[in-house]
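Residue numbers (the working numbering), protein chains in the order written: chain A, 1 to 301; chain B, 1 to 301; chain C, 1 to 301; chain D, 1 to 301.
Everything labelled a hint here was simulated from the structure, so no lab data went into it. Any given hint could be a false lead.
Mimicking BS3-like on lysine-lysine, the simulated pairs with C-alpha atoms at most 25 Å apart in a straight line are [what the hints assert, rightly or not]:
#1 B:K168 x C:K168
#2 A:K168 x D:K168
#3 A:K241 x A:K252
#4 B:K241 x B:K252
#5 C:K252 x C:K241
#6 D:K241 x D:K252
Every value quoted in this text rests on a predicted model; they were computed, and no experiment measured them.
4 protein chains.
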Amino acid sequence: MPLTQDQLDEIATLRSSPRETLRSVAPGMEAHLYTAHPVLDHGFVRVIDYMGDDAAICQAARVSYGKGTRSVQNDEGLIRYLMRHWHSTPFEMCEVKLHVKLPVFVARQWIRHRTANVNEYSARYSILDREFYIPAPGDLAAQSAVNNQGRGDVLAGEEAARVLEILKGDSTRAYDNYEAMISDEGQDGLARELARMNLPANIYTQWYWKVDLHNLFHFLRLRADAHAQYEIRVYAEEICKVVADWVPFAYKAFEDYRLGAVTMSAQMVECLRRMLAGEAVTQENSGMSAREWREFEGVLG
Amino acid sequence: MPLTQDQLDEIATLRSSPRETLRSVAPGMEAHLYTAHPVLDHGFVRVIDYMGDDAAICQAARVSYGKGTRSVQNDEGLIRYLMRHWHSTPFEMCEVKLHVKLPVFVARQWIRHRTANVNEYSARYSILDREFYIPAPGDLAAQSAVNNQGRGDVLAGEEAARVLEILKGDSTRAYDNYEAMISDEGQDGLARELARMNLPANIYTQWYWKVDLHNLFHFLRLRADAHAQYEIRVYAEEICKVVADWVPFAYKAFEDYRLGAVTMSAQMVECLRRMLAGEAVTQENSGMSAREWREFEGVLG
Amino acid sequence: MPLTQDQLDEIATLRSSPRETLRSVAPGMEAHLYTAHPVLDHGFVRVIDYMGDDAAICQAARVSYGKGTRSVQNDEGLIRYLMRHWHSTPFEMCEVKLHVKLPVFVARQWIRHRTANVNEYSARYSILDREFYIPAPGDLAAQSAVNNQGRGDVLAGEEAARVLEILKGDSTRAYDNYEAMISDEGQDGLARELARMNLPANIYTQWYWKVDLHNLFHFLRLRADAHAQYEIRVYAEEICKVVADWVPFAYKAFEDYRLGAVTMSAQMVECLRRMLAGEAVTQENSGMSAREWREFEGVLG
Amino acid sequence: MPLTQDQLDEIATLRSSPRETLRSVAPGMEAHLYTAHPVLDHGFVRVIDYMGDDAAICQAARVSYGKGTRSVQNDEGLIRYLMRHWHSTPFEMCEVKLHVKLPVFVARQWIRHRTANVNEYSARYSILDREFYIPAPGDLAAQSAVNNQGRGDVLAGEEAARVLEILKGDSTRAYDNYEAMISDEGQDGLARELARMNLPANIYTQWYWKVDLHNLFHFLRLRADAHAQYEIRVYAEEICKVVADWVPFAYKAFEDYRLGAVTMSAQMVECLRRMLAGEAVTQENSGMSAREWREFEGVLG
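Construct all of the structure, not just a fragment, from the sequences and the given hints.
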């Protein structure tokens with residue numbers, strides 16, 4: 001369980017004292033505020049603050065488009081139009097601040113998305129907690145034989161047992177030694193900024209992560225994708241649920257035009273036209289490589 | 001007067017319906033919400049939304065610094081420490097969204113600050129209003145004789161009168177012709193995206209501008225500075241007042257350590273030490289150029 | 001003609017003195033260096049510097065992928081794979097610096113692309129030249145009747161003549177008055193930073209613009225698109241030709257997977273599958289709005 | 001020794017084949033190209049490519065300032081003026097691409113500088129090498145007793161020996177187990193993207209890092225500072241030497257106005273004036289906190 005009783009009490013306190021504001025309020029998001037949604041064995045995602053809602057996207061776009069928008073009949077129509085035609089700035093007008101607890105190797109992938117604000121718990125300054133990600137047995141995947149960057153079947157039997165034993169044992173030993181090195185009982189105690197180097201990448205860290213909706217959608221498109229590593233994908237999926245409650249119109253448009261959408265190359269479009277005209281198109285006469293053709297067949301089901 | 005009765009009514013409506021939220025609320029900022037603060041002859045700045053307050057800066061920093069911050073006695077002390085030691089990420093955890101109406105030549109300076117989100121009224125899509133910045137007589141400054149990028153004395157008499165006449169006359173004619181070109185009465189009407197090219201840089205535009213507090217402080221340091229062009233400085237000064245009400249601790253730290261602070265070069269520090277030791281330091285034995293020496297004397301009063 | 005003899009001589013001098021370097025060299029780009037490619041009536045694009053080539057993209061990607069890339073048979077295959085699967089960082093490893101002369105209203109669109117470095121000629125500091133964009137008769141388009149943001153047919157006859165007369169007349173008068181206001185013969189002379197406000201948006205400015213290849217592709221996808229305003233599209237098209245000579249593999253992949261590609265929504269993909277299975281799909285049973293259906297039909301030809 | 005004979009041969013080959021270019025060339029940087037400058041026990045920094053030189057900074061600034069710059073007598077004077085007055089865009093016109101090998105805990109600090117392009121060796125795709133940072137005995141610092149984020153004296157005797165034994169032992173065991181988990185001899189082999197989680201933060205990674213000169217100076221000001229962690233500071237110091245050879249005027253200005261400069265708060269400037277006027281100023285009558293006063297005394301020596 002990722003949260004202590006103290007933390008649960010703190011969340012309850014924060015959730016029990018509504019205050020008045022003149023700002024726009026998103027009821028679906030208020031319901032999420034501060035609550036920690038568990039992810040993996042010790043991680044979580046929780047909303048700390050947000051700015052804007054579906055209406056705020058339209059309001060910003062209408063400054064941009066002024067009187068002309070009278071003809072767009074409703075907010076949902078406008079939002080879908082903006083998403084379909086790659087208008088990014090109105091979506092940047094919404095912002096969300098999350099508190100995330102996550103293993104370091106997931107944090108290292110996450111941080112590659114640069115257009116966000118991050119405040120991470122400092123292991124230079126403070127002492128990390130003894131919490132490590134140990135995969136559930138069903139997530140102990142083998143290396144893929146066909147894709148260097150992918151996973152194959154789940155490990156079984158003795159091999160799985162041995163892997164779990166290694167991960168648990170090394171985590172424990174690394175943390176014991178971390179504590180031993182920084183201890184100042186009977187010794188000077190190694191500097192924290194040095195001692196942390198002994199900790200493995202499955203230790204948990206946490207940060208505040210603040211991002212606008214456009215860049216969040218970009219993050220979610222890449223990280224909620226089937227090709228993303230499982231351990232970051234589960235965070236993205238949890239965030240997707242939150243966003244769906246926050247800005248339902250924008251999220252639906254994102255699902256239709258990004259997450260569930262497919263980009264077809266010039267060659268694929270050309271082949272499609274030929275197929276719809278009744279021609280039998282094969283990889284050989286498609287102008288695509290074998291790999292692209294497989295991807296094309298995948299899209300067409 | 002920059003606002004119509006319709007706009008004033010809309011602001012009154014927005015300000016009359018508080019709603020409940022669980023988010024952090026900054027009372028000083030609630031008082032500003034939606035109200036248009038006039039700037040120049042037709043411009044304004046108004047707050048549309050905000051995220052966070054002084055406490056949110058500390059809260060984010062404390063994730064970063066964890067348990068260790070217990071020793072920092074209060075939020076103000078922590079904020080001042082963060083500002084003094086160039087910790088930027090906690091200040092990025094606050095965000096503000098402004099609606100600004102401003103002349104195009106001011107907008108062109110403003111947009112050079114890239115770390116912000118902008119949605120501008122589109123003159124491709126819509127028709128601009130007939131509103132032009134005409135300087136007040138006291139702001140009709142002559143070109144500086146000593147600084148290519150500065151202003152000298154205020155123009156007077158016939159010269160001032162002639163300048164005002166030119167600015168008014170050309171604005172009127174340009175807008176009349178703009179209207180004539182896009183009119184579709186008895187003609188096809190030139191495309192708006194083309195007709196706008198006839199409008200001069202003193203026409204007003206407007207945009208939604210969203211920025212985090214760290215980058216806003218950077219903007220204010222450069223644009224509320226005495227060397228900034230007057231017409232953008234007045235916007236910066238208006239925003240300064242709003243920020244002082246929003247995050248009073250952070251704004252005070254910003255005043256002390258940025259706005260009112262001075263950066264001394266390695267040479268200046270060396271000279272200071274010699275002066276405090278009783279030595280008579282002159283430009284000749286200072287190691288500074290004449291220009292730097294003048295700047296140094298300026299700092300020391 | 002956009003360039004003076006002095007400028008042409010300077011370009012000739014720069015092009016006549018090759019020097020030795022150990023860096024990677026792109027022969028197709030060396031052929032472009034410094035030469036001004038004319039755009040519109042007084043504008044140009046010219047390459048001032050560049051970093052990297054097709055091989056540099058692969059070299060950076062191979063740090064990322066290490067030994068595993070042995071199985072990708074050649075650089076072109078790797079580049080196409082990276083483009084198809086939205087790997088952006090290897091393309092960021094190439095950089096280009098352009099000198100661009102362009103009308104102010106084009107510059108205002110261009111600058112909205114924030115991930116670039118810009119140094120613009122300063123009208124605060126210097127005096128602008130008397131050069132204005134006056135559209136060629138064939139580019140004098142009417143406002144579109146169906147699309148607020150588009151163009152219709154070309155204006156003809158008296159209407160066209162009158163528009164050209166207005167644009168030329170107002171440009172001339174505005175510049176004459178600009179000169180009169182800043183003149184210090186017999187008067188103090190208005191500050192340049194103020195006088196510039198009288199100049200219309202079709203005056204030419206110029207800047208140095210430096211951008212990495214990934215963000216340049218993003219710019220080109222939006223601005224070389226048929227929906228972009230003609231006056232910025234011609235710049236984008238000129239840059240496309242330069243990039244095709246600089247990084248031919250990357251540019252070809254960009255053409256196939258971005259410029260000539262189509263994004264199909266979840267609904268469109270579903271309809272496609274039904275159509276390929278022999279079903280007669282109409283707008284009514286497609287689940288798409290009338291507008292989306294029109295766009296879908298457009299893609300399928 | 002950080003480099004294999006193969007790598008040394010590859011560098012020799014790259015350095016032995018100069019080619020012709022029309023671009024600007026920085027002789028001081030050509031001397032560095034490809035050479036690996038050792039940092040820590042297995043790390044290095046090497047220049048892969050660069051764009052621009054001191055003259056390129058001035059050239060870009062002169063587009064910005066146009067004819068007016070005739071009065072600035074030379075490039076060095078202009079560069080110093082730009083640095084002193086916080087003009088950042090001309091410095092953004094230079095770019096450098098580095099190949100860096102560094103421990104993961106250093107990489108985690110480094111990546112917080114977001115305005116740069118990064119391509120890191122992928123431990124999802126590839127197998128990491130068995131190389132770990134083990135501090136030299138003289139760098140085994142104790143935790144500071146007065147500064148949570150700092151180092152105290154160097155550990156000695158048995159404590160130092162035990163720390164080194166732990167770091168070496170845990171690194172070896174973690175890597176042995178990493179290899180054992182991914183091995184496919186007689187087992188399926190755990191996915192690389194999972195196995196890497198067992199590796200501690202002192203393992204070496206490597207990346208391509210590309211950044212413009214303005215943002216590089218910002219990085220160096222923070223990371224070559226005495227308060228930066230030693231293990232990242234040595235990288236920053238190595239890069240400083242390279243930059244000094246690349247753009248000597250800009251680097252000297254950076255040293256004088258940034259690296260060796262001091263920012264004095266409004267209160268400090270006020271105290272200075274009083275002190276220079278002969279007044280005896282103490283912390284009590286200074287208006288500064290005890291901590292600020294100590295910092296002030298530190299500046300004045």
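Results of checking the hints against the structure:
1. Between K168 of chain B and K168 of chain C, the direct Cα distance comes to roughly 19 Å. Compliance with the 25 Å bound is thereby established for this hinted pair.
2. Distance hint between K168 of chain A and K168 of chain D is fulfilled; the C-alpha atoms sit about 19 Å from each other, no more than 25 Å.
3. Note on K241 of chain A and K252 of chain A: the hinted pairing holds, with a Cα-Cα distance of about 11 Å set against a maximum of 25 Å.
4. The suggested pairing of K241 of chain B with K252 of chain B holds, with an alpha-carbon distance near 11 Å, which does not exceed 25 Å.
5. For the given pair, K252 of chain C sits about 11 Å from K241 of chain C by alpha-carbon distance, which is consistent with the 25 Å threshold.
6. Between K241 of chain D and K252 of chain D, the direct Cα distance comes to roughly 11 Å. Compliance with the 25 Å bound is thereby established for this hinted pair.
The structure agrees with every numbered hint stated previously.
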